[in-house]
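**Student:** One-letter residues, chain by chain:
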Amino acid sequence: MARVVVDVMPKPEILDPQGQAVANALPRLGFEGITSVRQGKHFELEVADDVDDATLAKIAETFLANPVIEDWVVRRVDA
Amino acid sequence: MKIGVITFPGTLDDTDAQRAARYVDAEAVALWHADADLHGVDAVIVPGGFSYGDYLRAGAIARFAPVMRSVVEAAGKGMPVLGICNGFQILCEAGLLPGAMLRNAGLHFVCRDQWLRVENNTTAWSSRYEQGAEIIVPVKNMDGRYTASQATLDELEGEGRVVFRYVGVNPNGSCNDIAGITSANGRIVGLMPHPEHAIDALTGPSDDGLGMFYSALDAVVTA
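Protein chains in written order, with my numbering: chain C, 48 to 126; chain E, 19 to 241.
The shape of chain C in the complex, shown without the other chains (with noise of 0.2 Å):
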């Protein structure tokens, strides 16, 4: 078995007014000098040994990520 992460994120030109919301609470809770923040989403999966990259990059395009709105990176790392 292996672990895979996958981080699915807002293109740059998509508005995120939820990473906004974050970015704008900082500094109400002291924390100073954040000038963006940009929220999206991390998978882990547990993988068989025979599922190869190919299959993952699937997985990420047609199913966790939407690439009309988002991009997807898919790394693995060790358990």
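Just so you know, these hints were derived from the structure itself, not from any lab.
Treat the hints with care, as some may be off.
Claimed, not checked - Listed next, the stretches of chain C that the computed footprint assigns to chain E, with coverage defined by at least 3 CB atoms under 8 Å from CB atoms of chain E: (1) 60 to 74; (2) 111 to 117.
Stated by the list, open to error - Chain C is nowhere near these chain E residues, computed Cβ spacing over 10 Å in every case: (3) G58; (4) R121; (5) E152.
Claimed, not checked - Sample of chain C residues lacking proximity to chain E, with all beta carbon distances greater than 10 Å (derived): (6) P57; (7) T82; (8) K105.
Quick reminder that beta carbons are idealized off the backbone N, C-alpha and C, glycines included.
We have chain C; now place chain E onto it with these hints.
**Tutor:** Chain E only, in chain C's frame:
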């Protein structure tokens, strides 16, 4: 004339959509997400709600339901399909309509009566309206901000495929004030507002929504 209305786990507005179909003297046929059989219907409504809890993204899981494979196949042959709210999100995820829906720009769930302008009265679901008519129907959603690439928006605008546009207030920050769009052949329409909640002045702000269901009758009869 049979109008099928799909129920997914988490669908809310199937009963109102069935009622709207009956209001125009169509037979409302309940379709189940796990059943690929469309039971001989002439048109399909994908109603609103929170299918599969909107987990992952609104509509992302519903589009893999067995019934949706049949809807995509039937739509390819020209069957009229109407996606309302969550149904619109599902049609976008299924690739039947271009673009995607994002969280409302104001981050609030919006629920209000909303004015819309009919921008295209040649689709299967809008032919009973006057071009440019303004109608009032409820809108109620969390993820209603229609978004598409600039190229897609240019294509939709250039081909007259924006069917309904918000008038006055844009409730969710959608691109170009878009409330609803259609497929290239005009048979598939998706919109965020809820025509099925505006079919009788007793229970809605107007009966302006009825025109969409009457339009589908014409589309099937003339097809």
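**Student:** Of the hints given before, which are not true for this structure?
**Tutor:** Per hint list: 4, 6 violated.
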